[in-house]
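**Student:** So the protein sequences, as listed, match chains F and D.
When we follow our numbering, the leftmost residue of the first sequence carries the number 1, and every step to the right adds one.
When we follow our numbering, the leftmost residue of the second sequence carries the number 1, and every step to the right adds one.
Be careful, since some hints might not be right.
Distance ranges between label pairs, derived from CB positions [to be verified]:
1) D:134 <-> F:24: 55 to 65 Å
2) D:194 <-> F:42: 43 to 53 Å
3) D:125 <-> F:162: 24 to 34 Å
4) F:274 <-> D:173: 49 to 59 Å
Taking lysine to aspartate or glutamate and the DMTMM-like style, the derived pairs with C-alpha atoms no more than 20 Å apart in a straight line are [as the list claims (entries may be wrong)]:
5) F:179 <-> F:233
6) F:271 <-> F:256
7) F:27 <-> F:38
8) F:111 <-> D:141
9) F:52 <-> F:25
10) F:111 <-> D:182
No wet-lab data here; the hints were simulated from the structure.
Just so it is clear, CB atoms sit at the ideal spot from N, CA and C, and this is done for glycine as well.
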Amino acid sequence: MSDSPIFLKPPPRASRPPTAPQRPEPKLVDIVIDGHPDKVPQTWTILEACRKRGIDIPTLCYLESLTPVNVCRVCVVELAGARVLVPACSRPVEAGMDIRTDSPRVRLARKMVLEFLASSVDLSTAPQALEYAARYGARPERYGPPAEPTKAGERDGRAPGHHHPPDNAAAETVAQPIKIDNDLYVRDYAKCILCYKCVQACGSEAQNTFAIATAGRGFDACISTENDIPLPESACVYCGNCIGVCPTGALMFKSEFEMRKAGDWDESKQKKTDTICPYCGVGCTLTLHVQDNRIVKVTSPLEAAVTHGHLCIKGRFGFEHVHGPEPPGEV
Amino acid sequence: VGLFGKPTVINNVETLVNVPLIILKGGATYAGIGTSGSCGPKLFCVSGHVARPGLYEVAFGPTLREMIALAGGVPGGKSIRAVLLGGAAGAFVGPDKLDMPLTLEGMRAAQASLGSGVIMVFDETVDLGEILERIAAFFRDESCGQCVPCRVGTVRQEESLRRLRSGRPIGSRRQELTLLGEIGQAMRDASICWLGQTASNAIESALATLDPVPENGRQP
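Given only the sequences and the hints, what does the whole structure look like? Please build it.
**Tutor:** This is the structure:
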């Protein structure tokens, strides 16, 4: 025994690596999916049980790294004997469930949800939603021509519980001017389907910043900063996690937005390279989207173990210095 | 979960007020009030075109006709066009249903529901289509906006109804009515809560039996 103080002596090496405590295996329950019996763990949702069978249930507001909120209602399935359809993404399985994933009621509900969205929201940068709409035969033209877009701030300023009666000719939409109030990303709420993923990512599910939340009520509900203040004045820390989870492109890198506007955005010319962020010791995986030898966008893979797709401002937006100084004469 | 982290029961005042009655009178006596399928007293809110609108307490059993008579009948000797049972989320019945017993089992047999106990009487002077528009506007205002079927469905329902009423359906009248039916079914099947699930009840019940938006524009 040396006489050096205890805090200078290294601790003994662990005899085995630390592991989580042993948990009992979840019980298996018997369910029936589309006529086929199956046994799945009690803790699974209907969506997980269906995916295990290879059944493709459409989802819009569901993401594996976020708590399901079951608001889009496109994943609804029919349970034999139930009064209403149930959301597969959040409903846990129970013994004896008889699940129908493709009944007439299910197909009508999905078609109508997609029609409602396609007739009121700009889905042009939401290829998954458009594919579902085609799959279920959604015909948004059934509701008439879209109404004139609202002016900036008009939807944000509406009082809940009052609305002007429709003018009998047009279908109301959420179309409105794009919010461009900072240099890093733009918010185009004409494309927002209120899937709530951005609020979750900004809030308790990832960033714990709570800069944005749902404001207003009913069809006038929208995602907003407090009192609709510009983003630089809000609590936003520009981690870009909201952009990472947005399924429709309502939240978009300013670089991508500018290139799309100029007609230069071309995903077929882009190369995606995974690397580790250089800024700190966490070691998030960055997927750099490179077009014409310039980084145009940064994402992070959902499967990456460290942060499951979430980044911070440094990893998300701190790449301009890679391109070197601009040649003299260019802005 | 629950209030203050304790198990919690949420009930109507009307339900809770029955509890001391059961305790004081005893279960058997209480069960003797009303009918075999619906026991105890019931509060009915009778309103609309009746001489004495108000809250009426009866033992379960009176028919719709008897409740309207209790409230003084329709003033001016006018005939009944429709009765809304259960409020905005309820269903319309026509004057041919006045002898239906307002009991739980009677309503179930008629595929209707007592709902909140509202009995709203509309006489022959009413434009039923306008009432439906007000109900559609109500549901659009009250939708919380969380789920797609109700947030957008209530808007599309109001738009469709107004197009029908103004005589400018998209495509044919039949296509517009089919659209209304599909909107109603999507809200009923896929909404998160009862608001969306009942948003089309009143409208669909009226369209099914009462011709509220006649093709020629005149009320029957």
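**Student:** Each of the hints needs a verdict: does it hold here or not?
**Tutor:** Hint check results:
no. : hint                        : result
1   : D:134 <-> F:24: 55 to 65 Å  : holds, 57 Å
2   : D:194 <-> F:42: 43 to 53 Å  : violated, 28 Å
3   : D:125 <-> F:162: 24 to 34 Å : holds, 28 Å
4   : F:274 <-> D:173: 49 to 59 Å : holds, 58 Å
5   : F:179 <-> F:233             : holds, 14 Å
6   : F:271 <-> F:256             : holds, 14 Å
7   : F:27 <-> F:38               : holds, 13 Å
8   : F:111 <-> D:141             : violated, 24 Å
9   : F:52 <-> F:25               : holds, 18 Å
10  : F:111 <-> D:182             : holds, 10 Å
In terms of the numbered hints stated before, the structure departs from hints 2, 8, listed from lowest to highest.
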